[in-house]
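J.: Sequence:
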Amino acid sequence: MANMAQAVRMALHYAEENLGVTDIFGEDVGAPLGGVFTATQGLKTAWNSPLDERGIIGMAIGLAMAGGKPVAEIQFADYIYNTIDLLKIAGNTCWATNGDWNLPMVVKTPVGSGIRGSIYHSHSFDATATHIPGWKIVIPSNPLDAYGLMISACQEINPVMYLEPKALLRIKGEERIPGEPDNDKQLSKMIDAPLGDRSQWKPQWPELEAYAVPIGKGKVVRAGSQVTVVSYGRTLPLCKKAADDLAAEGIDAEVIDMRTLWPYDWELIKGSVEKTGRVLYVNEDTEVTNFGEHLVRRTVEELFYKLMAPPRLLAGKFVPGIGLADTLEMASVPQQGDITTAIRTLAAEQP
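Using UniProt numbering, the letters of the sequence shown correspond one by one to residues 1 to 351.
Some hints could be false.
[To be verified] Computed cross-link-like contacts, DSS-like style, restricted to lysine-lysine with a CA-CA straight-line distance of at most 27 angstroms: (1) Lys241 x Lys275; (2) Lys202 x Lys219; (3) Lys172 x Lys189; (4) Lys172 x Lys202; (5) Lys219 x Lys172; (6) Lys270 x Lys219; (7) Lys241 x Lys217; (8) Lys306 x Lys270; (9) Lys240 x Lys44; (10) Lys44 x Lys172; (11) Lys172 x Lys240; (12) Lys240 x Lys270; (13) Lys185 x Lys172.
Hints listed in this document are in silico derivations from the structure and should not be mistaken for laboratory results.
Sequences and hints are given; from them, build the entire structure.
T.: Here it is as structure tokens:
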């Protein structure tokens with residue numbers, strides 16, 4: 001099975017061959033590196049930009065306005081914050097021009113903890129991204145969704161923010177990408193650049209098929225009846241594992257992968273909460289003005305009389321940065337044990 005970085009790479013290859021993507025660029029995105037996580041190796045439209053995040057976003061806006069369809073990368077989400085005003089312009093262009101101008105551009109950036117990246121390579125961007133109207137925002141939790149969400153993003157006529165959980169980029173999937181060869185080693189030999197001299201290397205792409213995950217649609221990854229757990233990105237697999245483990249204690253948790261943060265699948269969440277009466281929102285962004293707080297507020301406003309317990313949020317600590325040491329990183333963002341405890345506690349709470 002492909003890992004998430006390979007899935008993103010294959011989706012971008014499909015997009016430049018079939019969906020009109022014209023430029024895939026950013027710091028170290030082109031040859032010879034092909035991205036710090038190898039997600040852009042071998043792509044024919046990939047090129048290296050200067051180390052200038054504002055230049056990258058500005059270039060993407062200009063290319064999109066000129067009729068191109070760019071995919072721009074900010075190497076780590078920690079460095080996207082100095083482009084907020086440009087992201088705001090990109091997000092409001094269609095609205096501000098009464099629909100006369102569209103910006104078909106994708107901005108991809110690795111987010112979150114999990115690689116011991118310390119304070120400059122570990123931050124989340126999901127809450128900040130949802131504060132910028134005009135963008136669609138997606139975040140996969142597995143390679144197949146990573147492939148399908150990228151294909152959908154490249155079909156949009158206005159900006160899409162594609163958040164890559166860096167802790168999951170090397171994790172293999174459980175479902176095969178349409179067109180992916182059955183043998184993992186064969187896939188690696190075909191599309192992974194060799195170590196050392198790459199000057200003569202060219203990828204041998206598999207016969208990839210169209211597979212799009214609709215933007216705005218979540219997914220129930222585990223059905224349950226007692227507690228609803230809503231998550232995305234790095235924490236989603238942890239939630240699924242916690243729910244599976246708690247089944248042995250007689251706790252039946254339903255786990256929802258949001259996949260899209262805007263527009264999000266409220267009807268899916270609502271239906272689950274109406275069934276279970278309890279909901280836990282989990283992500284690793286800092287807990288103050290967290291996107292999960294918005295979901296808690298909406299849950300209370302719309303589903304108050306369906307609730308058997310107050311909705312809960314489990315998120316990252318409100319600290320200025322994530323430390324380099326394992327213990328500091330693990331204490332800063334939700335881990336497996338934290339999620340298990342939160343689900344168990346919520347399931348036991350009675351009205």
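J.: For each hint, tell me whether it holds in the structure or not.
T.: Tested hints:
Between Lys241 and Lys275, the direct Cα distance comes to roughly 21 angstroms. Compliance with the 27 angstroms bound is thereby established for this hinted pair. Proposed proximity of Lys202 and Lys219 is contradicted: the alpha carbons are some 36 angstroms apart, above 27 angstroms. Under the criterion of a C-alpha separation no larger than 27 angstroms, the hint pairing Lys172 with Lys189 is consistent with the structure, at around 16 angstroms. Of the supplied pair hints, the one linking Lys172 and Lys202 holds, its CA atoms being roughly 23 angstroms apart against a limit of 27 angstroms.
A C-alpha spacing of about 19 angstroms is found between Lys219 and Lys172, which places the hinted pair at or below 27 angstroms, so the restraint holds. For the hint pairing Lys270 with Lys219, the CA-to-CA distance comes to about 13 angstroms; that is within 27 angstroms, so the pair holds. Simply put, Lys241 and Lys217 have alpha-carbon atoms about 22 angstroms apart, close enough for the 27 angstroms limit, and the pair holds. Our distance criterion of 27 angstroms between C-alpha atoms is met by Lys306 and Lys270, whose separation comes to about 10 angstroms.
Distance hint between Lys240 and Lys44 is unfulfilled; the C-alpha atoms sit about 37 angstroms from each other, more than 27 angstroms. At most 27 angstroms may separate the alpha-carbon atoms for a hinted pair to count; Lys44 and Lys172 meet this at roughly 25 angstroms. Taking the CA atoms of Lys172 and Lys240, the gap is near 16 angstroms; set against the 27 angstroms cutoff, the hint holds. A threshold of 27 angstroms between alpha carbons decides the hint, and for Lys240 with Lys270 the separation of about 19 angstroms falls inside it, so the pair holds.
Restraint check: the Cα-Cα separation between Lys185 and Lys172 comes to about 12 angstroms, which is no more than 27 angstroms; the hinted pair holds.
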